[in-house]
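Position chain B relative to chain A; hints supplied.
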Amino acid sequence: MYLQSGAEAVVSLKDGFIVKDRIPKRYRVAELDERIRKERTRAEARLMSDARRCGVPTPIIHDIYGFTIEMEYIDGKPVKYVIDETMCKLMGKLIGRLHSGGIIHGDLTTSNMLYSGDRIYLIDFGLAYVDGSVESRGVDIHVLFQTLESTHPDHEGLIKAFSRGYRITLDMADEVLDRVKEIEKRGRYA
Amino acid sequence: MTTVLGIEGTAWNLSAAIVDEADVIAEVTETYRPKTGGIHPREAAQHHALHASGVIERLLKEYRDKGHSPENIDAIAFSQGPGLGACLRTVATSARALALSLDIPLVGVNHCIGHVEIGRWKTPAFDPVVLYVSGGNSQVLAHRAGKYRIFGETLDIGIGNALDKFARGAGLTHPGGPKVEEYARKATSYVKMPYVVKGMDFSFSGLSTAATDALKDNSLEDVCYSFQENAFAMLVEVTERALGHTGKSEVLLAGGVGANMRLREMLDVMCEDRGATFYVPEKRFMGDNGAMIAYTGLLMFNSGTTLPIENSHVDPSFRPDTVDVTWIADEKEVL
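Protein chains in written order, with this note's numbering: chain A, 1 to 190; chain B, 1 to 335.
This is chain A alone, in the form it adopts within the complex:
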């Protein structure tokens, strides 16, 4: 079953597993194209496992081959449909743990989070990378706040709840949240 297609990958459901295939790009030389897809496939799988070790629920990797990752299918609802302040605080705790572990997700939206059995699963680590800087963490959260602002009318309460959770699990949370405000002022879009 075909599920979703982004600029980089096609996602489908096969034998009860999610199958994510990185598609080739004709504009790159084949050698470079294959290298990038291979590296990113491995990096994505590794960061998903690393995130889980930090205490952030992610789908369990079933298999990796070539440019493909097979992973657990999470039977949940995208957080954007069920969001509330309690959930946002939990989200803040999870992202705080992820950032404490030195991981940047790179595409934090409420569509990339699944709510299932009182847990929030973080999915799509396609743009994730390892970085512990305040700037990268700030941009990561800025992207999430923008999603909240553009899709949820009660975003102020949600952002406050997120920040309460984030402060629990990341000791430099205030520095990052101050940077988020600065990034917003810059009008920088990342």
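Keep in mind that a hint or two might mislead.
[Stated by the list, open to error] Listed next, the in silico DSS-like pairs over lysine-lysine satisfying Cα-Cα at most 30 Å (straight line): (1) B:248 - A:181; (2) A:80 - B:198; (3) B:216 - A:38.
[Stated by the list, open to error] Pairwise CB distance ranges, derived in the manner of DEER restraints: (4) B:188 - A:133: 39 to 45 Å; (5) B:41 - A:134: 29 to 35 Å; (6) A:181 - B:145: 15 to 21 Å; (7) B:308 - A:35: 53 to 59 Å.
[Said to hold, decoys possible] Which bits of chain B does chain A cover? Going by a derived footprint, with three or more residues having C-beta under 8 Å, they are: (8) 189–201; (9) 226–240.
Bear in mind the hints are in silico, worked out from the structure with no lab data behind them. Even glycine gets a Cβ: it sits at the ideal position worked out from N, Cα and C.
For chain B alone, kept in the frame of chain A given last:
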């Protein structure tokens, strides 16, 4: 009809032009060419200072010869930044003097936005994702909610600067980009090099150094080719992501490095595969030119933006996303 005289001189090209809504009426350019090495900021500024009055005189003569009177000019636009400080100050001084002597308003133009607007003027592109690549700048821009947002940009040096730096190390003369392109065409194999895309941003200084190192074991042709392949793939990838992110369906190429045919080919293939339309302005409007400053100045002037002389200081790190895009009136107009 509004008529604006614009002066560009952020780096090596000093160029002035007079435009109205319909077309470029007159344009005069004096280019600084370093005897050895790359652009020396002080020498470039001295070049601009030496030629500024001559360029303006010749421009006004060309304008008169075409049957116009300088009294028709409504405003003086100048590139306020980003660029080399000394060059910017020289050009700003000329612009202020002109505005005062003709007793007309001054308009401060962001150089990056100048590139975007002349592309929108001279091609059918309406609301594109813009890849702006030059010596000092490398950015992916698009209009959103009253500003040209930067969706991705270089974390260190511009792509043109990276190409020039590598070319100098390889013994090629400035500007290195066109020579690298020429050698790349004769390559026989691809050499592995760094590919650095972080989120939506890219970085070139490591690639430039790696390419210089690779010259020890590989032919100049192969290294030039591989350098281009990696650097341009990084730019095209971020441009494609910006298309996906914004939902826009046009790509506009801007800046001097846009002259590179391999970069154009890669963008064209990417657009074809996504069903997007790719636009490249004619070459005279791609590199730094006076017309782009004059035309953007005209858009700003017509939408009520002028700059009091006392606030007309230059800004060497002027970011395009700080400018209110007053000339694109309503978000709904941008489909």
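Against the structure, the hints come out as follows:
no.	hint	in the structure
1	B:248 - A:181	holds (27 Å)
2	A:80 - B:198	holds (26 Å)
3	B:216 - A:38	holds (28 Å)
4	B:188 - A:133: 39 to 45 Å	holds (41 Å)
5	B:41 - A:134: 29 to 35 Å	holds (32 Å)
6	A:181 - B:145: 15 to 21 Å	holds (18 Å)
7	B:308 - A:35: 53 to 59 Å	holds (54 Å)
8	189–201	holds (count 7)
9	226–240	holds (count 6)
In terms of the numbered hints stated before, the structure departs from none.
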